[in-house]
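Colleague: Each chain, written out:
There are 2 protein chains.
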Amino acid sequence: MSILVVGSVALDTIKTPFGKAEEALGGSATYFSASSIFFSPVQLVAVVGKDFPKKYIALFKKRGIDLQGLTIKEGKTFRWEGEYGWDFSNPKTIATHLNVFAEFNPKIPETYKNCEYVFLANVDPQIQAKVLDQITKPRLVACDTMNYWIENKREYLLKLLKRVDIFLLNESEAKELTQEANLVVAGKKIGKLGPKIIIIKKGEHGALLFSENRIFCAPAFLLESVYDPTGAGDTFAGGFMGYLSKCKKYNQAALRNAVIHGTIMATFAVEDFSLKRLYSITASDIDKRIKKFRELTSF
Amino acid sequence: MSILVVGSVALDTIKTPFGKAEEALGGSATYFSASSIFFSPVQLVAVVGKDFPKKYIALFKKRGIDLQGLTIKEGKTFRWEGEYGWDFSNPKTIATHLNVFAEFNPKIPETYKNCEYVFLANVDPQIQAKVLDQITKPRLVACDTMNYWIENKREYLLKLLKRVDIFLLNESEAKELTQEANLVVAGKKIGKLGPKIIIIKKGEHGALLFSENRIFCAPAFLLESVYDPTGAGDTFAGGFMGYLSKCKKYNQAALRNAVIHGTIMATFAVEDFSLKRLYSITASDIDKRIKKFRELTSF
Numbered sequence: 001m002s003i004l005v006v007g008s009v010a011l012d013t014i015k016t017p018f019g020k021a022e023e024a025l026g027g028s029a030t031y032f033s034a035s036s037i038f039f040s041p042v043q044l045v046a047v048v049g050k051d052f053p054k055k056y057i058a059l060f061k062k063r064g065i066d067l068q069g070l071t072i073k074e075g076k077t078f079r080w081e082g083e084y085g086w087d088f089s090n091p092k093t094i095a096t097h098l099n100v101f102a103e104f105n106p107k108i109p110e111t112y113k114n115c116e117y118v119f120l121a122n123v124d125p126q127i128q129a130k131v132l133d134q135i136t137k138p139r140l141v142a143c144d145t146m147n148y149w150i151e152n153k154r155e156y157l158l159k160l161l162k163r164v165d166i167f168l169l170n171e172s173e174a175k176e177l178t179q180e181a182n183l184v185v186a187g188k189k190i191g192k193l194g195p196k197i198i199i200i201k202k203g204e205h206g207a208l209l210f211s212e213n214r215i216f217c218a219p220a221f222l223l224e225s226v227y228d229p230t231g232a233g234d235t236f237a238g239g240f241m242g243y244l245s246k247c248k249k250y251n252q253a254a255l256r257n258a259v260i261h262g263t264i265m266a267t268f269a270v271e272d273f274s275l276k277r278l279y280s281i282t283a284s285d286i287d288k289r290i291k292k293f294r295e296l297t298s299f
Numbered sequence: 001m002s003i004l005v006v007g008s009v010a011l012d013t014i015k016t017p018f019g020k021a022e023e024a025l026g027g028s029a030t031y032f033s034a035s036s037i038f039f040s041p042v043q044l045v046a047v048v049g050k051d052f053p054k055k056y057i058a059l060f061k062k063r064g065i066d067l068q069g070l071t072i073k074e075g076k077t078f079r080w081e082g083e084y085g086w087d088f089s090n091p092k093t094i095a096t097h098l099n100v101f102a103e104f105n106p107k108i109p110e111t112y113k114n115c116e117y118v119f120l121a122n123v124d125p126q127i128q129a130k131v132l133d134q135i136t137k138p139r140l141v142a143c144d145t146m147n148y149w150i151e152n153k154r155e156y157l158l159k160l161l162k163r164v165d166i167f168l169l170n171e172s173e174a175k176e177l178t179q180e181a182n183l184v185v186a187g188k189k190i191g192k193l194g195p196k197i198i199i200i201k202k203g204e205h206g207a208l209l210f211s212e213n214r215i216f217c218a219p220a221f222l223l224e225s226v227y228d229p230t231g232a233g234d235t236f237a238g239g240f241m242g243y244l245s246k247c248k249k250y251n252q253a254a255l256r257n258a259v260i261h262g263t264i265m266a267t268f269a270v271e272d273f274s275l276k277r278l279y280s281i282t283a284s285d286i287d288k289r290i291k292k293f294r295e296l297t298s299f
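Chains as they are written, first to last, in our numbering: chain V, 1 to 299; chain B, 1 to 299.
Calculated directly from the structure, the hints in this document are not laboratory data. Because the structure is a prediction, the values reported are computed rather than measured. Errors might be hidden in some of the hints.
The list treats identical chains as one, so a pair stands whether inside a single copy or across any two.
[As the list claims (entries may be wrong)] With a Cα cut of at most 16 Å, we get these calculated EDC-like pairs of lysine to aspartate or glutamate:
| id | residue 1 | residue 2 |
| --- | --- | --- |
| 1 | K202 | D87 |
| 2 | K246 | D287 |
| 3 | K189 | E224 |
Here chain V stands alone, though its shape is the one from the complex:
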């Protein structure tokens, strides 16, 4: 089953204690698609400028990502520049140039409109809603967000949440949205806002899944070398949605396994700058790491 992803394709300049990457391929839709393509076909909707390097288009194509929904517009591609300290959480944003992404008004191609699995990456909730308006019969809709929208477009975000099945957000977003310090309480509160499945991502500390009045507490995979955490959340979402779309179910067992697949995909994302590692692994690398994860966490 195809997954439609709507989000950003960007050029990232990233500094970490281990080095620097300049104008590297990035963006939420990029990380999501690189991850979910291992499990399911992906239709990408995003916008880039005329300056977007052809080599990156070729990379997308090589991975088999459907680019009918990628608009190439007069102007420059969205650029983000950030820096991470030793703890690898909360990067310092040095510069954001939205460029063509500032007027992102996604038009869903006719051939995409009947897709059943939808991931609305972190963009303005009004735009996320406009995307949903164009989908004829969505079966499973997931969305992400960020603190900026919680603070500045709360009303629209709350409206959107009534229309989505799955809400993925990180720890600080969950706390801010609910004004609640305890994540168990926060997760339950979010469940009352609409989504029947909630995932709170805790970065290096794993993730929590709330569904059917049950909670699943997934530990994080331990890595000896983290080089660049950019895109980990979207890569997680890609693995999660990809797995669900592949197994065509979303009962408790499927959801828990989807969280594990999301976690594992995210570990590959952070092992090198940009998408270097994600674009070099094979299905067998994923299987091996899932096996290792079971070994690491079973008791």
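With chain V's structure known, arrange chain B on it following the hints.
Modeller: Then chain B, alone, in the frame of chain V:
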């Protein structure tokens, strides 16, 4: 198999966002023994002053803790005053009055000297070593420490580590001891210092166990209400050592289950001030929570 614990018995005054407890029963040996007594007999070695309330002595006795090693000395009992913020990590110490604990020079009673399981709670590593000198045939020795000793008695701590089997420490202590930001690398480095079993406690984020070149990553139990995190680490150690002593093995399966038992005991410690909750639970409460933990984490 009896466990010998050497540590502090104190009177704590604690403020958290949920309330305050004054001159409440506390101390590392207190929390450890309240936890391990569920699994194994406990022999406690500590010192208190003449002002130590008789009701607390009665509480120890009621729980079946062997108090032959508890010295009641002329002077005042060790007092600690601290305050926790909303994140419940790193309490602010408002006052520390060591009182009789300042000259703690534990004499191990003759009847304790042949004990096989020993827990050296967080005290000066020179004192921890002196305790070990008095034990005739220890089978499994565990110790804890704190940043202060890492900074001020590093040499003695390193000497001690060559004599212990199990080293329990928290995340920041592991990083400081090894000068290493990555916990996997830190755990492996500590393994080279002597202990064959290392547990890095990550507070609300669970614990890591390093043994036999393997790592076990235990998630934390999720609680909706945390009232007072004081003593969580010593309670964890009590459940961990108690379980090992009860099952008389320390292979991989036993060690992993011991970590789970430690985690579960710690959840009870933090659900109320001082030892209120720990002193009110039954073995059946522990079993139920372990079952719930499996449900929460299985995939």
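Colleague: For each hint, tell me whether it holds in the structure or not.
Modeller: Results of checking the hints against the structure:
1. K202 to D87: both (13 Å within a copy, 15 Å between copies)
2. K246 to D287: Within one copy only: 15 Å inside, 37 Å across.
3. K189 to E224: Close across copies (12 Å), not inside one copy (35 Å); limit 16 Å.
Consistency note: the structure conflicts with none of the earlier hints.
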